[in-house]
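Chemist: Here's the letter readout for the chains.
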Amino acid sequence: MSLIRALSKELEARSDESLRALFAARPDLISPAVPDFAALAARASARVSVQRALERLNKPQMQVLETLHLCTNTDTGHSVSAAGLKKCINGATIAALEPILNTLQELALIHRADPPATVHNPGRQHFYLPVGSLKDVIGIYPAGLGRSYTELVRLQPAFAQRVVQLVAELHQSGANIMAATTPMDAALALQRWTSTPENLQHILSEAPARTRPLLNKFGSWAMGAVPQAQRKASVLHEGRDVGPVDWLLARGLLVPLDAGHVELPRSVGLSLRGGAIVDHFTLKPPVPELGQTSAALRRNAAMGAIAEALRLVGELLYAVREQPIVTLRSGGVGVRELKRLADSLRVGLSETALILELSALSGLLRLDVDSSTWVQPPSLEWLTLPRQEQWLWLVNAWLASERAPSLVGQTLPGPATAAARSGSSANPINALSAEAQRPDAPLVRKRILEILEELTLEAESPDGKAPVLNAEAVMERAEWSQPRMSRRFSSLVRGILHEAELLGLMGSGALTQLGSAIATEQPELALSILGEHLPAAVNHVLLQADLTAVAPGYLAPELSEKLLLIADPEGQGPATIFRFSGDSIRRALDAGQDAESILTFLRTHSATDVPQPLRYLIKDIASRHGRLRVASSPSFIQSDDEAAIAELVREPGAASLGLVRIAPTVLTSSASPRETARVLRELGLSPAVQEAESAVVRYKRTAPVSGGLRPVYMAPRTAPPDDDVEAQLAVLRQHRAVHGEASGEAATQLGLETLQRAIRLKQAVTMNVVDGMGNSNTETVVPVSVSGGRVRVFDAAKDTERVLSIHRIIDVEPAVEPHK
Amino acid sequence: MSDGPLIVQSDKTILLEVDHELATEARHAIAAFAELERAPEHVHSYRLTPLGLWNARAAGLDAEKVLDTLLRYSRFPVPHSLLIDIEETMSRYGRLRLEKDPQHGLVMRTTDYPVLEEVSRAKKIAPLLGPRIDGETVVVHSSQRGQLKQLLLKLGWPAEDLAGYVDGTPHLIALNEDGWHLRPYQKLATENFWAGGSGVVVLPCGAGKTLVGAAAMATSSTTTLILVTNTVAARQWKDELLKRTSLTEGEIGEYSGSVKEVRPVTIATYQVLTTKRGGLYPHLELVDGHDWGLIIYDEVHLLPAPIFRMTADLQARRRLGLTATLVREDGREGEVFSLIGPKRYDAPWKDIEAQGYIAPADCVEVRVDLPRDERMAYAMADDADKYRLCATSETKTHLVEHLVALHQGEQLLVIGQYIDQLDEIGERLDAPVIKGDTTVAVRQKLFDAFRAGDIKTLVVSKVANFSIDLPEASVAIQVSGSFGSRQEEAQRLGRLLRPKQDGRAARFYSLVARDTLDQDFAAKRQRFLAEQGYAYRIMDAKDVPAG
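Residue numbers (this note's numbering), protein chains in the order written: chain A, 1 to 820; chain B, 1 to 547.
Here chain B stands alone, though its shape is the one from the complex (with noise of 0.2 Å):
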């Protein structure tokens, strides 16, 4: 029996053991058709899903080439059944093929009659399909491209999407690289998305998905749309690509709710988008209405409902997702998959931070225990009324105080869900408060003197979990998080791994009060980060040094 790195599960799971002398060659040859589930520090584990070997057939992998990796790898015997499962799923892809016929248009074939027949006569696909051309062959309606090929995945039968993209109108983008460099992991997540031609970029906060945009337009060089979560973040996407790539000015438009210019490249928010009067999406025209030749999702977890009907459509155009935290709260991760394209590149966080591109960061939960006084009425309060309640205990406002105080110099966010709460704390810490009703043109400039040490100190709500770069704060303070989401949690922590100029590592302190529904939320936010590899320290409020 070979020692290899990997342990295959029956249960579709392959454990990684992080420290064997071949687990980086294993690690790059199961990459290609495995998910990685969790990255704890020994022990790795991959999960095999159809989708995940879909996509391998989808980049040109066969089932041999699957088992044979295995099989080498492998320190024990393979399950027979699962590998006669892998053959099986992965003989399901490509049955079914959609292709440009010069004279029918969008076409799907067969290599395998009772497969069309069986998919034709699905009730939900049936509306989708054309006449029948002949038994193999039958004509799509060019417009359900991405709504067919997501019901086939539902039923088993992937399709293999041979029909290509459009070009979209050239429009010349360089990479201006001058003092800097694309990191070896964001030329190869470039590399994969060009060669799969559209799909899903997973980079931890912090590790540069924006370098990795930029550099997919530039190979690109066609006229860009850009979806981001907000205006904030749409502004941080225009000077990064004004820095980092021949584009100008003039070239770059901002389609915002107040804002709205139409350039060769576009950075639009998925708010405007989704904007609905009447009925209607006045602005969607936005997206179908013009030649683009590339469509960059940023936080493509976040994407919502009506845009992601709208991508089903545009399936003709080239797609790429940016995310740090493919964890969706409503678990539609699949559709993402499905719509915007596979997983390209997925990297576990402790290995960016292992090269030094993101800085390490130590995550301590406090607990805190509640006053008497609390502790009653946290027992007799409504379930509605008991989360806000010992979310925000009045301990933790006194714990934030000495924090702050032991982390004196240091540019420290204090972050949390409660609007109260962090008021309180903003004026015990006299310290500026950014929440929801705060206007643009204040949270840029309360970022700003931020950034450049003005301000050591900001009170944020959840307006500032995503896309804000912050690069020099290096302490957090979570006082109450947005109940069990894991993805939150993450790019809460996202803000610190910006690397410190002085190397420094930076410090999450989450604070949960002991005993109650708290705790249990903690425990189901930091599942994502724990299995990222970042181990939570647990201390009690007493053991915090004093300041």
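The following block holds chain A by itself, in its conformation from the complex (with noise of 0.2 Å):
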């Protein structure tokens, strides 16, 4: 029976309650909805589904998982018991392995089978086969070993070639070899001579010295890199000082695949594992050894780091309204705009980057894509809100956001390594590029979290003491507890780390109180602790003699804002020193403030009297400002004739000109050289043009951009609603008596089920295929590969091969072979 309609018939016994399970874990299988029990099972067979449900899988569900597959064979349907399972995991038992095939039956990755025909079976046990997909899945190294001498020889044309001689001269120097004389016998031979791990230690016994630990380094994979790995090694012209590789290619110990990799078959793999296919089997996880940190010291490290990001997002969103941040061509925001940024904020290169990239992806800057610039949306709710809530959008924002800040000034893996090889510098990501999008970046913060919250768990000790993390003791754990997603995790953890510390989720290098808020979902809790603990805003300042006002806290923003027009920021921290200077003042002047209403705004927000020298400062400024003023007018009209010009004012005729008089011999007009002189002309007088009218500066009106949204954070991958779910099951349960005929899914699906067998198996297909004409036409052929939608098939008949595209197929059976 196909392997799809015997986990349809198996789904389709489950409890209800089984089916919300699995629904619950592979959410996939039922978005969109399915109609029946056939086209989940197709579904829960497909690759892309096989491999969700594989990450979530930890280190001994994928090694039992692996070694079922290693010990199965779904196209004989030879299948395997816990018991045939134990005896292949060292340090497993019976009680420990029937958990975990249950689970993983419940997840629908493997599904009950008859026992094979030569086991006999008293004691009742199950019998388990893989879905059919999962070889695909696995990869080529199932548990890290390699393929089979047969299944080499048979896909490495070079070593087919020489493994007849290799055996040759394996006998001829008297090992205890088969003489082999076609290349799948030589493989057998090969097979047979290293199959116990006895066989290999007694082959091993003569190796040269170093040989072990190199052959220790393919224990967990297969295959490794090694210069020139074709060389020519042979047993009967070997040296008393050959090396180990040669040493052990010249006994087709190490496969060559390639010029600079070799292969460590399946059989050498399993002797040196001691004949087991997993060697260490235990469902405890690894424990890390761990520091530990106070909470009191975790507690004030999160408080100073929240108030610290959230006063320099507030300074950067002052900066960015003084001055759009410019793009460059080629996206992102190069390093000379971010210098500019590190400078007006007094922090690092690096540390800019992230405030930045956190300010943009929680919607507090907008790409204006006009002037390609970012800028701060007008009207954002977020400058409104109370801190702890504005700290709760940041979190939430970077919680779901598919960016990795950190990754911004690392260089780029690939062509760009290759360019610093070669001595040119590589690039590095610039901040807002695409380069820094990670779509897995929520999926591995979560999981991040919950490791935290789970290491800070277990190590929790009553003294109120956590344990301090670090990036590798998160990612042993996460190694172990969703090994096939660890490695999407090595290049995000320490950024992500970094950035949780920022955000006060880390503390002292610990889980803080906040951040086992976040990460167990309970932001009212984070709300409320952060609420209690961060000082109030503070709405004075203490001005001093030496013109400097100094803010004892974080100061409420918009007087912050308006000290920030009068006095230059000093220093980095909760408090803020604002020094005034000439120019500081003079820049309050120039827009639009007089000596009395800075002193006035002084008066009232300062909790001490205003020293002398500030008064003096001030005054002093204030009365010399504007002795020399600048403005624009777009023509002016110059006379020596100071009673002409006077005239000039007063003449109604002029009124359209706007004329001011500046000095007693110049008017200005408010109309181009051109207009005024035709104006001029009108009235009798003849007036000289002295210039080409100036260019018309046309200021370009920027649309609206909309204000950023409260970001609200749906963690990912949480198991589907409720109501999708009763109203799937809903579904299936009315369908169970219609059932027969695959829907369109399960039958795509069963069709490539067929397709994939006969592939494995070298059998031909009967198939039914529509043309470019609309006409269909049924074939026998026998398919070589599948991939990409298109299906590669050898027509026996015409002597050819001919690629077809899957969706002309209408439907493939095997072929009945006429002979049989």
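One or more hints might be untrue.
What the hints assert, rightly or not - Coverage of chain A stretches by chain B, computed from C-beta distances (three or more under 8 Å per stretch; other residues unrestricted):
1) 566-576
2) 606-619
As the list claims (entries may be wrong) - For lysine-lysine, the following DSS-like pairs were computed, each having C-alpha atoms within a straight-line distance of at most 27 Å:
3) B/K65 with A/K465
4) B/K524 with B/K350
5) A/K217 with A/K135
6) B/K524 with A/K619
7) B/K12 with A/K339
8) B/K154 with B/K65
9) A/K762 with A/K798
10) A/K135 with A/K87
11) B/K435 with B/K386
12) B/K187 with B/K350
13) B/K12 with B/K154
14) B/K542 with A/K619
Unchecked claim - Derived Cβ-Cβ restraints for the label pairs, each shown as a range:
15) B/R372 with A/V660: 25 to 35 Å
16) B/G503 with A/D609: 18 to 28 Å
17) B/T395 with A/D594: 22 to 32 Å
18) A/R603 with B/D515: 22 to 32 Å
Source of the hints: derived by calculation from the structure; they are not laboratory data.
Values in this document were obtained by computation on a predicted structure and should not be read as measured data.
Idealized CB from N, CA, C, for every residue including glycine.
Assembling the complex is the task here: the two chains are given apart, and the hints tell you how they should meet.
Modeler: This is the structure:
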């Protein structure tokens, strides 16, 4: 029976409860909804879905599944029981394996099957087979073991050519190996020669030193890089000082794949592991050795970090309001622009980049498409929120964001590193550029927070101390809890931990109360903790005679903004020091303030008197401000005749020019020189126009940018909503009666399964194919491979290979072979 | 969150809110490891430097205590990165130790092998070290103790000096406390110094640094060498020691250009020690040729370079540095600390003033407008002449006359940089002028007359900046400053800070030409005082009240 049909039957027989658990664990199965169990089984067997399901498995589950995959054969229906698996897994017990097998079955990754015909099954054990597509998903090195000699002979023509001679040489040199005449026989001979740990032990007893350590490097992964892998190595011409690689290659214990790589064949790998597929099996996750940090330190670090992050984001927004951030033509923000921001925030480049990314991913900055600059959206709600909610906004946006801010400044792997090798500088990732996009970032973040919470709970001690968690500890746990996903972690985990520290989720190296609340999805709890501990904003400053104003704490934003206009900020930390100088006062005067308004402002907001030197400075600068004035005017009229000028100002005919007398002999006009001259000529005067009309400056109007919406964080990959599950169940149960005809989705999967099975068994299939004109033909061909929506087939009748699109195939059946 | 008086900034500064009720407590707690940087009226700022943290370690404070202090008194969460930084910095101290080995003499030991390996490979350090005894010990040439310590400090691996001090020749010295007592801060400064072995005491002008020196001598009771800036100061030290201690005339020697006496207590000038003849310093022998138990450096901020070098070789003797203004325009404060020793006591000027030990001072910057012709001359002058032109403006001379008239009857100093200007003012005011070429005898006579009140007004050049004790001077007018020197300005104000008999406040005028270099330099000069809490009032010349 087809595996999909078998699975379909099994799913149908399950209770509703069991199906609900399945949907919760693999939400992609019912999104979108499926019409019947056949379709459900087809989807559960689809490669992508299996891949996703595998990502959720932990190390022991993965080990059992891989062993199961190696011990079974879906084509022949050779199944395996827990007892069978136990033999292949060192350190496993039936009691430990059975729950895992149950889970895997619940997840529809394996299903019950009949025991193989050769097995006597008195204990009525359960036997299992994996889903069909597991083979493709698990890859060519299940459990890190290489392929068998026979497979290598089939797939590596160079090895196939050499293997007969290799075996002959071994035979000649006295090894206990059968002589062979064909590559397949030679492969079998090698397989038998290396098949038990004792045999291998015997072979290796004559190996040169360093051979064992070299082989151990292949212990967890069968392929390795070796220079000149295809070198000539022969047992017969071996010197006394032969190297371990030559020695192994000469005996076929390593098989060259290409010029730079070798593979450890499966039988050798298995013997090295003492005959078991898995040599260390444990249900307990590794517990890292961790330092500890006190609750007070953690809270101090978290609160400090949060206050600092919020202040920096606020300052960044201020800087952006003053001058939008220019983007590079290639996208992203260049280093020079970043440097400018870093100067105005008074922090380093990398921290600036992080703050910038954080602001942008939180929607506090938007790319204005017309001007290609990053601007702050008008009427930003964030600015008006209390600080704890501002924080939650950032955290939610961060959790949900597909950007990886910490990648900014790192160099790109791939071609860029090649450039670095060749001497030219590699291109670092720019802030806000597409290179820092990582679609799986939300998922990884969530997992990391979960792991942090897990490790913290495990190591929690009664005195409130928490473990210091570093990237290594997190990675180690990730390797264990989701080995298939951990590779995605490795490039992000450090950055994520750093960002979590910035946001106060981690502090002093440990998960904080806030971090724990966020990890367990209790934002309200986090808010209340924060509200309690975050100091209130101050709305006064202390003015001092050394021309500084000190804000003793977090300054209310509107006040801070006004102060920034009349003084320059100094220093870095919870308190801000503002220094008044001639330049800063002048800046305020330029912005339209006068001495009195500045002094009144300072008087209202200062807890102390305005010191005399500051008063003097402000008045002194104000009194001299504007001795020279700069303004623009489209044109001016100059005449040595003061009387004529005076007359012109009063002339009603010139009223349209908007004349202003700025000096006894100079008038400005609000019209262009040409227009001014025309009006003057109309009045009977004869002006001389000195200049050509200046270019008209058109100010580009930027389209209004929509305000950032408060981000709502939805934890990625949560179970599907209950309603959907119930609806799906109802649909499935309704269709129970009318099953038989496979739905479209199931049919495709079934067809693919048939094709793949035929490819593996090299069987012919009969297909109904629609051609370009819409006519359908029935053909009998041997499929060779399936990929990318196409199938390559060998047409025995025409003795040619062809490629067919899968969507043109209406149905596939194994060909009925006339001779059998 | 606690409501402490400190705000710890992530840029390694600590703000102290002065009006907070715990402010004094917190100040004492952080003074041990943080440097006071600015002390304006409401919020003082301290800075955490590696040197300060290492000094704290040297004084027996560990990182945990420092962190605990910060966390206890801080109003807001302390930036975590800062805490880590403090811990790391402090852990660098003491991995190398200088010790006396009974067999090998001075040795450097380590608890951390790679550190020793690292420093002994440093190019500058290698020649100072002798043979390696074992993996963790290396012989140090004893004459290189100071230089080695200094270089290690620069490398960031300060050595803990456990080699101790030589005792010196004992010589009984006692304080002669009849009718006066050491003030509490003087006592504390002396105790801190003695406990630490060597170091610098920073006290404002007029706060009685000489007495701290005398008390240190009394505690030490050994032969003592005192290094001072000039002969007049040497005489003042001698007078003060005769008055305050059991020392007699015969026990105190002067070693200067004119007299060369070596007695149990010898007072030498920097100048005579640094006199060079034929490429040699003939008088340096005074310092290392005798078994001094204590060496006092007066006005340590003026320590000239040869004395720096010489001091590096004197690490086995106790050293006390005294100063009011440890700012060096050459930025060598760090060297003072590493060679003489860490700061053992420091108090903001305003603190001492509040306790009534120095006179309150009112600083006024008077801005004068240059007349039109001078402005033109200024505008067209070469850069090299610009400052002189604006600093010596005619208008200033008139203003000085006006101010002198205003303060009729008070003891008044006119201080300036340019001799021509001073001569002219002296002539106009009919007052004596003391400048570089005035002989010591004449200077002494004039200062005595001024102290006695026979002369009301003195015009002085920068020769009177330091160490000149003029208790009754209550008004000073600075007509021109020496460019942007912060410590000169402070020292000039310092001349006025001796407490007055009638408790009057001192008045310090600084005349500044508006819109010129003079104004820029004045702002620079005033920074030290402003940071010590001396706020300058600024007024226009026309607003000066009529006499």
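Chemist: If a hint holds in the structure, say so; if it doesn't, say that too.
Modeler: Hints, one by one, checked against the model:
1. With 5 residues carrying a beta carbon less than 8 Å from a beta carbon of chain B, the segment 566-576 of chain A meets the three-residue requirement, and the given coverage holds.
2. A stretch counts as covered by a chain when three or more of its residues have a beta carbon under 8 Å from one of that chain; for the segment 606-619 of chain A and chain B the count is 6, and the coverage holds.
3. Between B/K65 and A/K465 the CA atoms are separated by roughly 19 Å; this keeps the pair inside 27 Å, and the hint holds.
4. Note on B/K524 and B/K350: the hinted pairing holds, with a Cα-Cα distance of about 20 Å set against a maximum of 27 Å.
5. For the suggested pair A/K217 and A/K135, the alpha carbons sit about 25 Å apart, so the restraint of at most 27 Å is met.
6. About 21 Å separates the Cα atoms of B/K524 and A/K619, which keeps this hinted pair within 27 Å; it holds.
7. The hinted pair formed by B/K12 and A/K339 meets the criterion: a straight-line CA distance of about 22 Å does not exceed 27 Å.
8. With a C-alpha separation of about 25 Å, the suggested pair B/K154 and B/K65 falls inside the 27 Å cut-off, and the hint holds.
9. At roughly 17 Å between alpha-carbon atoms, A/K762 and A/K798 fall within 27 Å of each other, so this suggested pair holds.
10. Restraint check for A/K135 and A/K87: satisfied, since their Cα atoms lie roughly 21 Å apart, inside the 27 Å limit.
11. Restraint check: the Cα-Cα separation between B/K435 and B/K386 comes to about 23 Å, which is no more than 27 Å; the hinted pair holds.
12. For the proposed pair B/K187 and B/K350, the alpha carbon gap of about 19 Å is at most 27 Å, so the pair holds.
13. The straight-line distance between the Cα atoms of B/K12 and B/K154 is roughly 20 Å, inside the 27 Å bound, and the hint therefore holds.
14. Restraint check for B/K542 and A/K619: satisfied, since their Cα atoms lie roughly 16 Å apart, inside the 27 Å limit.
15. The hinted window of 25 to 35 Å between B/R372 and A/V660 holds, with their beta carbons roughly 32 Å apart.
16. One distance hint, 18 to 28 Å for the beta-carbon pair B/G503 and A/D609, holds here, with the actual separation near 25 Å.
17. At about 30 Å, the CB distance of B/T395 to A/D594 agrees with the hint of 22 to 32 Å.
18. The beta-carbon spacing between A/R603 and B/D515, approximately 28 Å, falls within the hinted interval of 22 to 32 Å.
Taken one by one, the earlier hints all hold for this structure without exception.
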